[in-house]
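Trainee: So the chains spell out like this:
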Amino acid sequence: MGVVAPNAHGINNFEEALREGRSGIRFIPELKELNFACLIGGVPQDFENVRKTYFDDETLMSMNDNIGYAAVSAVDAWRDAGFSVPDPHDDYVDWDTGVIVGSGIGGMDTITNILVPMVTQGKVRRMGSRIVEQVMNSATSASIAGLLALGNQATSNSSACSTGNEAIIDAMWRIRMGLAKRMLAGGSEGPSPFIWAGFDAMRVICRKFNEQPEAASRPMSATASGFVPGSGAAVLVLEDLESALERGAKIYAEILGGAVNCGGHRMGGSITAPNPEGVKRCIRAAVSDAGIAPAEIDAINGHLTATFADPYEVKNWATALECSPKDFPYINSTKSLVGHCLGATGAIESVAVVLQLYKKFLHPSINCEDLHPEIAEFENKVPHKCLDYPELRTIAKAGFGFGDVNSCLIFKTWNNNQRSY
Amino acid sequence: MDEQTIFNKMLEILRLYTKDPNLLNKATKDTHILNDLKVNSARLVDVIIKCEDTFGITVEDDEADKIGTIGDAVAIIKTKLG
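Taken in sequence, the protein lines are chains A and B. For what it's worth, our numbering labels the leading residue of the first sequence as 1, then goes sequentially. For what it's worth, our numbering labels the leading residue of the second sequence as 1, then goes sequentially.
Worth flagging that the hints you see were computed from the coordinates, not collected in a lab. Heads up, some of the hints might be wrong.
To be verified - Below, a sample of chain B positions facing chain A; criterion: calculated Cβ distance under 8 Å:
1) F7
2) K9
3) L16
4) I49
To be verified - For each label pair, taking beta carbons as the anchor points, the in silico distance ranges come out as:
5) G178(A) with N35(B): 38 to 44 Å
6) N22(B) with T120(A): 37 to 43 Å
7) N35(B) with F27(A): 47 to 53 Å
As the structure is a computational prediction, the values presented were derived from the model and not from experiment. Built from N, CA and C at the ideal position, the CB exists for glycine as well.
Okay, chain B solo, but in the shape it has when bound:
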């Protein structure tokens, strides 16, 4: 799966958790999930679970801890998908 496809799928996942979906219109790989998209920090575990289901992968806790931006998530997912 190419990076752009993963990125687009990530936006769809994040759409479920941001309080303001309009913020996704200008999102880039550098967009911070908590600070820029105003996702409640408690919901990050839900985002991870959704990613696991969507991409058929497992994200370990220490890997999840390193995700700050959408690009961070895309990179981890791309590595796991091979």
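Okay, chain A solo, but in the shape it has when bound:
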């Protein structure tokens, strides 16, 4: 796995940040200059220097932030999976491995910093050759396929804030269908104010905690006042079990199942709000696909963005899993630490889920000591401090996005002795 998150780069650092409950939310001076109401955000720190240690100058010239985050995450994931980055002059192509890495919005920095100014100034002739490859919707997957010489499917999905989860589910299906041995799957999103501006204009991002950035992302809190915009990327290497066992790969966890759907913008759903029936159906479909009973779920990593929707989400989980607050699984929100990383969020949070399963802990869901009164009955199910959990076996991860789209994944601890085929 590879992760470039606002609070850490690399899975070891990320695990440490999760355990500590370390926030990656900072004051962003540019937002103040641009008269945003929200002046804070989650941006991977020192990334300019990080990426220079991965790629040469020629390669970096084709990497906007969105691609850079994805590419570093992919290289980290590839190496972590036991592979080496191929020589660009070597003609070997890995036909068995593909990539699905998407974005919610994508290469906005290239559009705003280069494309729009140069076109409007009549300087198209001098724009150079690197615009299309950075603004095309498949920019991230195309870059990764080239870096790693991948010869199976290379594509980028997009389903708003459900993108990262959806990529993992699509990749899972490609492997299940026998069309690929392994797939890199994940999501990425740059930190452009031009991405965040639309959300600021909608008054859905946090504007009440500009003086306390680390306290600003408050999922499930009574004082939550909107999500904190974030950015970054994460990539997971999914592999056919037989292939992984054959080559003695380190197996972090098993993906038992997953599901995606859309609420159809009906029954209370809209372009910006989820149809509760759609959410519940998606969760149930994922549980069914995983072949487990709802009671087997030990913990939930929610979508939980720090908006008015959080209490509804918690109740939807309870209805979908048919459990009372008393027998409800633990629930936490990685967004409390990194903000809402939009197209990257499902991937970053899935890495958090897998690390928690692998190392048997639940990270604190910070900034919700004042739990929302509508979910007061769930108080004992929200870890405010890092929780060691030796019996942890199964975590459900959900994501919901604009467009009334839903996604849910079921991850399980892998035990080397559990299967022998």
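Position chain B relative to chain A; hints supplied.
Mentor: Relative to chain A, chain B alone:
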């Protein structure tokens, strides 16, 4: 500007676009930019823009189409500089 100076500046420009800068060590006027230096063909427009900025000239599209080797580029630039 003499031919050797233009040639040296061209090498510095091409250094930005070749995947293997070591290939520039043996470069001559006959070195082909795409075939020998392994510059991605899409990047030729970037090389032209860099040349325009570096030498303060304008290279028309039909002139750029005729550039295959470093020597071709040096000759066009020398003519334009007068």
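Trainee: Now look at each hint and say whether the structure bears it out.
Mentor: Going through the hints against the structure:
Hint status for F7(B): violated, given a least beta-carbon distance of 21 Å to chain A, over 8 Å. A least Cβ separation of about 18 Å between K9(B) and chain A goes past the 8 Å threshold, and the interface hint is therefore violated. Annotation: L16(B) was flagged as interfacial toward chain A, and the flag holds, the nearest CB pair being 7 Å apart, inside 8 Å. The restraint placing I49(B) at the interface with chain A holds, with a minimum CB-CB distance near 6 Å, inside the 8 Å limit.
Judged by the Cβ atoms, the range 38 to 44 Å given for G178(A) and N35(B) holds: they are separated by roughly 40 Å. Look at N22(B) against T120(A): about 41 Å separates their beta carbons, and that is inside 37 to 43 Å. As the Cβ distance of N35(B) to F27(A) is approximately 52 Å, the hint placing it in 47 to 53 Å holds.
Of the numbered hints stated above, those contradicted by the structure are hints 1 and 2, listed in ascending order.
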